[in-house]
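Engineer: Whenever a hint applies, use it, and build me the whole structure from the sequences.
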Amino acid sequence: MVHLQIDGKPIEVPEGTTVLRAADQAGIHVPRLCDHPALKPFGSCRVCLVEVQGMRTLQPSCTLPVSENMVVRTATPAVTEARKFVLALLFSERNHFCPYCQMTGGDCELQNTALEHEMTHWPIAPSWKRFPVDASNPNILLDHNRCILCRRCVRACGDLVGMSTLGFEERGSESMLTADLGKPLGASSCISCGVCAQVCPTGTLTDRRSAYQGCDKTGNFVDSICIECGIGCSTSVFVRDNRVVRIEGDWQGEVNGGVLCKAGRFDVLDDKPARIVKPAVRRDGKLVNVSWDEALAAAAAGLKSAPVQALASSRLSVEALSAFQQLAAGLKAQAGSLADAQVSPVPPFLGENLNAQIGANEWLSKQAPADASWAEPYAVRAGANRRALQGMGLDAALTAPSGAILAVVADDLAAVDVSNAQCVVAVTSYASALTEKADVVLPVEAWLEQSGHYLNLAGRLQQANALVKAADGVKSTLAALTALAMVCGVALQDSWENAIQVAA
Amino acid sequence: MAKPKVSSDWLAGCAGCHMSFLDIDERIVKLAELVDLRSTPITDLKTPDETGVDVGVLEGGINNTTNEEVAHTMRKRCKTLVALGDCAVFGGVPALRNFFTIEDALKRAYVETESTDSEGQIPSDPELCQPTKVRAIHEVVPVDFWLPGCPPNADQIFYVLSELAQGRKPVLKDNMLQWD
Numbered sequence: 000m001v002h003l004q005i006d007g008k009p010i011e012v013p014e015g016t017t018v019l020r021a022a023d024q025a026g027i028h029v030p031r032l033c034d035h036p037a038l039k040p041f042g043s044c045r046v047c048l049v050e051v052q053g054m055r056t057l058q059p060s061c062t063l064p065v066s067e068n069m070v071v072r073t074a075t076p077a078v079t080e081a082r083k084f085v086l087a088l089l090f091s092e093r094n095h096f097c098p099y100c101q102m103t104g105g106d107c108e109l110q111n112t113a114l115e116h117e118m119t120h121w122p123i124a125p126s127w128k129r130f131p132v133d134a135s136n137p138n139i140l141l142d143h144n145r146c147i148l149c150r151r152c153v154r155a156c157g158d159l160v161g162m163s164t165l166g167f168e169e170r171g172s173e174s175m176l177t178a179d180l181g182k183p184l185g186a187s188s189c190i191s192c193g194v195c196a197q198v199c200p201t202g203t204l205t206d207r208r209s210a211y212q213g214c215d216k217t218g219n220f221v222d223s224i225c226i227e228c229g230i231g232c233s234t235s236v237f238v239r240d241n242r243v244v245r246i247e248g249d250w251q252g253e254v255n256g257g258v259l260c261k262a263g264r265f266d267v268l269d270d271k272p273a274r275i276v277k278p279a280v281r282r283d284g285k286l287v288n289v290s291w292d293e294a295l296a297a298a299a300a301g302l303k304s305a306p307v308q309a310l311a312s313s314r315l316s317v318e319a320l321s322a323f324q325q326l327a328a329g330l331k332a333q334a335g336s337l338a339d340a341q342v343s344p345v346p347p348f349l350g351e352n353l354n355a356q357i358g359a360n361e362w363l364s365k366q367a368p369a370d371a372s373w374a375e376p377y378a379v380r381a382g383a384n385r386r387a388l389q390g391m392g393l394d395a396a397l398t399a400p401s402g403a404i405l406a407v408v409a410d411d412l413a414a415v416d417v418s419n420a421q422c423v424v425a426v427t428s429y430a431s432a433l434t435e436k437a438d439v440v441l442p443v444e445a446w447l448e449q450s451g452h453y454l455n456l457a458g459r460l461q462q463a464n465a466l467v468k469a470a471d472g473v474k475s476t477l478a479a480l481t482a483l484a485m486v487c488g489v490a491l492q493d494s495w496e497n498a499i500q501v502a503a
Numbered sequence: 000m001a002k003p004k005v006s007s008d009w010l011a012g013c014a015g016c017h018m019s020f021l022d023i024d025e026r027i028v029k030l031a032e033l034v035d036l037r038s039t040p041i042t043d044l045k046t047p048d049e050t051g052v053d054v055g056v057l058e059g060g061i062n063n064t065t066n067e068e069v070a071h072t073m074r075k076r077c078k079t080l081v082a083l084g085d086c087a088v089f090g091g092v093p094a095l096r097n098f099f100t101i102e103d104a105l106k107r108a109y110v111e112t113e114s115t116d117s118e119g120q121i122p123s124d125p126e127l128c129q130p131t132k133v134r135a136i137h138e139v140v141p142v143d144f145w146l147p148g149c150p151p152n153a154d155q156i157f158y159v160l161s162e163l164a165q166g167r168k169p170v171l172k173d174n175m176l177q178w179d
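As they're listed, the protein sequences go chains A and B.
For the first sequence, position 51 matches number 50 in numbering that gives the first Met the number 0, and the numbering has no gaps at all.
For the second sequence, position 66 matches number 65 in numbering that gives the first Met the number 0, and the numbering has no gaps at all.
Calculated directly from the structure, the hints in this document are not laboratory data.
Treat the hints loosely; a few may be bogus.
As the list claims (entries may be wrong) - Taking lysine to aspartate or glutamate pairs in the EDC-like style, the calculated list, with each CA pair at most 16 angstroms apart, reads:
hint : chain 1 : residue 1 : chain 2 : residue 2
1    : B       : Lys168    : A       : Glu117
2    : B       : Lys78     : B       : Asp48
3    : A       : Lys216    : A       : Asp240
4    : A       : Lys128    : A       : Asp142
5    : B       : Lys132    : B       : Glu102
6    : A       : Lys39     : A       : Asp158
7    : B       : Lys172    : A       : Glu117
8    : B       : Lys29     : B       : Glu162
9    : B       : Lys172    : A       : Glu115
Unchecked claim - Label pairs and their computed distance ranges (CB to CB):
hint : chain 1 : residue 1 : chain 2 : residue 2 : range
10   : A       : Lys128    : B       : Leu127    : 22 to 32 angstroms
11   : B       : Thr100    : A       : Ala134    : 16 to 26 angstroms
12   : B       : Thr46     : A       : Arg55     : 52 to 62 angstroms
13   : A       : Ser450    : B       : Lys132    : 53 to 63 angstroms
14   : B       : Pro122    : A       : Tyr99     : 23 to 33 angstroms
15   : B       : Thr115    : A       : Arg129    : 24 to 34 angstroms
16   : A       : Gly185    : B       : Glu102    : 31 to 41 angstroms
17   : A       : Pro272    : B       : Lys132    : 47 to 57 angstroms
18   : B       : Leu105    : A       : Ala124    : 18 to 28 angstroms
Unchecked claim - Only part of the chain A face toward chain B is listed, based on derived beta-carbon distances under 7 angstroms:
hint : residue
19   : Cys97
20   : Pro98
21   : Thr103
22   : Gly104
23   : Gln110
24   : Leu114
25   : Glu117
26   : Thr119
27   : His120
28   : Ala124
29   : Trp127
30   : Arg129
Yeah, the Cβ is synthetic: ideal placement off N, Cα and C, and Gly gets one too.
Structural biologist: Have a look at this one:
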């Protein structure tokens with residue numbers, strides 16, 4: 000352990016700790032722009048300069064390792080003047096228009112640092128050299144006018160994600176962030192994972208969907224997990240006025256450490272088919288809205304009319320799957336699952352860089368060498384709860400169920416062939432080919448409204464949390480199945496914890 | 000002792016800062032007790048006294064030769080000069096014009112606009128001012144005090160004017176300082 004002093008406070012930290020991290024641990028505030036807790040130190044912005052007794056010049060605390068008996072001062076007049084000068088230089092280099100930037104008013108680390116130092120103007124005038132705006136990527140906007148060349152994005156793209164799409168070209172005042180050494184972002188190898196936009200301290204790399212929809216202080220963040228595949232990345236979701244505005248990776252997430260992919264960050268927010276919020280029953284060929292009681296009664300009657308085949312989506316929580324399993328057993332149904340929507344090759348970063356700090360490592364490390372799936376090109380995009388389904392013996396894919404069908408699919412849009420059905424009870428969130436054929440439709444929560452447990456591919460049990468409240472009349476899948484079970488005369492007793500075998 | 004004299008004017012701005020100033024609402028009565036409001040673009044007198052005023056407030060940046068003259072006049076006649084708002088402090092939104100040549104900007108405005116017919120011409124009367132590069136006020140004349148914001152809100156404007164009126168130097172930080 001190394002003993003040092005920062006602003007008169009004695010501190011003890013392991014050898015190799017940087018002065019900045021030591022200050023962070025001691026609760027001493029040192030401003031910084033290029034440093035980020037999830038990234039390796041870089042030292043380009045020079046904002047974190049501190050005075051170190053015995054050293055001739057001010058030192059960047061982010062790259063300086065602590066040494067025994069070091070005496071550091073972080074807020075002397077010399078340090079403050081130097082920081083203000085650094086900020087003046089940063090503002091003079093490019094074109095910073097605060098009035099119309101979506102990060103202004105609290106979300107821009109550059110602006111916040113300037114305000115913290117009581118800057119009221121730019122001591123050095125900018126040259127007004129014009130820099131490009133790259134709008135070629137539909138998810139991420141890249142405005143070079145706002146860039147402070149901190150390289151957080153380059154480090155994230157290379158070290159956290161493993162793609163190394165982003166880099167820098169030229170030097171000095173000609174330095175430019177670039178994708179694939181000169182391609183527009185939308186035409187490059189960029190996989191739109193969005194980690195660069197999440198780490199960017201300014202409005203250079205931004206999420207296009209959430210622009211101008213309120214800065215962070217106007218809403219709140221809800222922790223959850225992504226259920227787009229079996230990896231189960233932890234998310235931190237910005238919600239405002241009961242609306243999901245932006246999905247971020249949770250830096251504290253044990254599976255993903257802050258990294259997300261295009262599917263979980265962006266695609267989930269795209270337009271979906273018509274939402275179903277009222278129970279319905281088919282009369283004279285048309286679906287008619289009815290009360291929950293009527294719909295449940297019709298469903299129960301339908302499920303008594305023929306042998307039942309029940310299928311569940313792998314997007315359902317363990318709680319819902321447990322209720323499903325018991326209900327299916329009570330109905331003496333053949334129970335299975337929806338075939339997962341196209342098991343696709345893994346998001347490219349996992350294939351490119353096995354050292355990427357993603358949960359796939361966890362999963363891959365647990366695969367026995369003889370496991371057939373090892374030979375597959377890391378087909379991890381199986382359903383979020385596929386492993387729970389397997390554990391509960393519900394894994395058989397019922398691709399063309401017949402008789403009386405109980406389809407519990409919630410917001411899963413995978414296709415189900417129900418042409419052999421006599422009666423279809425659909426427990427779902429969206430209008431689809433399934434609801435076109437359904438005799439009874441029970442509306443349930445979609446991914447953003449539901450909470451429940453998920454078992455990722457490595458056997459880690461995690462909890463998804465509701466981000467927003469569903470419309471009145473929409474039930475959780477668990478509540479809908481519980482109500483249906485009651486009407487069908489099936490008792491649900493077993494707890495969901497017993498239903499799955501948790502392999503840690 | 001006579002009340003301090005205050006004058007204001009606007010240059011390449013949208014008048015939003017003066018509207019924000021008016022958002023001090025009934026506090027303008029208090030302000031009138033503290034200061035002698037001489038000239039503003041929204042009152043009868045338009046230029047500060049030739050004998051000088053104590054505080055001059057300028058909204059908007061410098062984008063033509065007339066703006067330069069007004070800035071020089073204000074600097075000469077005002078003991079303390081305040082740059083009000085992002086345009087005066089930084090150049091602001093009008094500074095976007097700096098990404099184009101003045102010639103291209105004039106062509107776009109007078110010749111190439113969709114509603115202009117083939118007779119479009121760039122005005123060239125010698126009485127007209129010449130457009131210049133868009134600049135913050137302090138790039139043309141020394142400024143004593145900057146109040147950024149787009150616009151600065153009424154509380155910030157009232158604080159600054161009332162402090163200056165009472166001979167104190169306003170300190171901008173926390174909720175008194177913003178850049179948007």
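Engineer: Using Cβ atoms only, decide whether Gly104 (chain A) comes closer than 7 angstroms to chain B, and label the hint accordingly.
Structural biologist: 5 angstroms, holds
Engineer: Using Cβ atoms only, decide whether Pro98 (chain A) comes closer than 7 angstroms to chain B, and label the hint accordingly.
Structural biologist: Since the shortest Cβ distance to chain B is 4 angstroms, the answer is holds.
Engineer: Classify the hint on Gln110 (chain A) as holds or violated, based on whether any CB of chain B lies nearer than 7 angstroms to its CB.
Structural biologist: 6 angstroms, holds
Engineer: So if I understand the rule, the pair passes when the alpha-carbon distance is 16 angstroms or less; does Lys29 (chain B) with Glu162 (chain B) pass?
Structural biologist: 13 angstroms, holds
Engineer: Is 24 to 34 angstroms a correct range for the gap between the Cβ atoms of Thr115 (chain B) and Arg129 (chain A)?
Structural biologist: 26 angstroms, holds
Engineer: Can we keep the Leu114 (chain A) interface hint, with Cβ of chain B closer than 7 angstroms?
Structural biologist: Holds. Min distance 5 angstroms.
Engineer: Between Leu105 (chain B) and Ala124 (chain A), is the Cβ distance one that fits in 18 to 28 angstroms?
Structural biologist: Cβ of Leu105 (chain B) to Cβ of Ala124 (chain A): about 23 angstroms, so the range 18 to 28 angstroms holds.
Engineer: Answer holds if the nearest beta-carbon of chain B is closer than 7 angstroms to that of Thr103 (chain A); otherwise answer violated.
Structural biologist: 4 angstroms, holds
Engineer: If you take the shortest Cβ to Cβ gap from Ala124 (chain A) to chain B, is it below 7 angstroms?
Structural biologist: With a closest approach of 5 angstroms, the Ala124 (chain A) hint holds.
Engineer: Go ahead and decide if the range 52 to 62 angstroms is satisfied by the Cβ distance of Thr46 (chain B) to Arg55 (chain A).
Structural biologist: 54 angstroms, holds
Engineer: Quick one, is the Arg129 (chain A) hint okay against chain B at 7 angstroms, beta carbons?
Structural biologist: Holds - the Cβ of Arg129 (chain A) comes within 7 angstroms of chain B, reaching about 4 angstroms at its closest.
Engineer: Under 7 angstroms is the threshold here; is the Cβ of Glu117 (chain A) close enough to any Cβ of chain B for the hint to stand?
Structural biologist: 5 angstroms, holds
The structure shown violates none of the earlier numbered hints.
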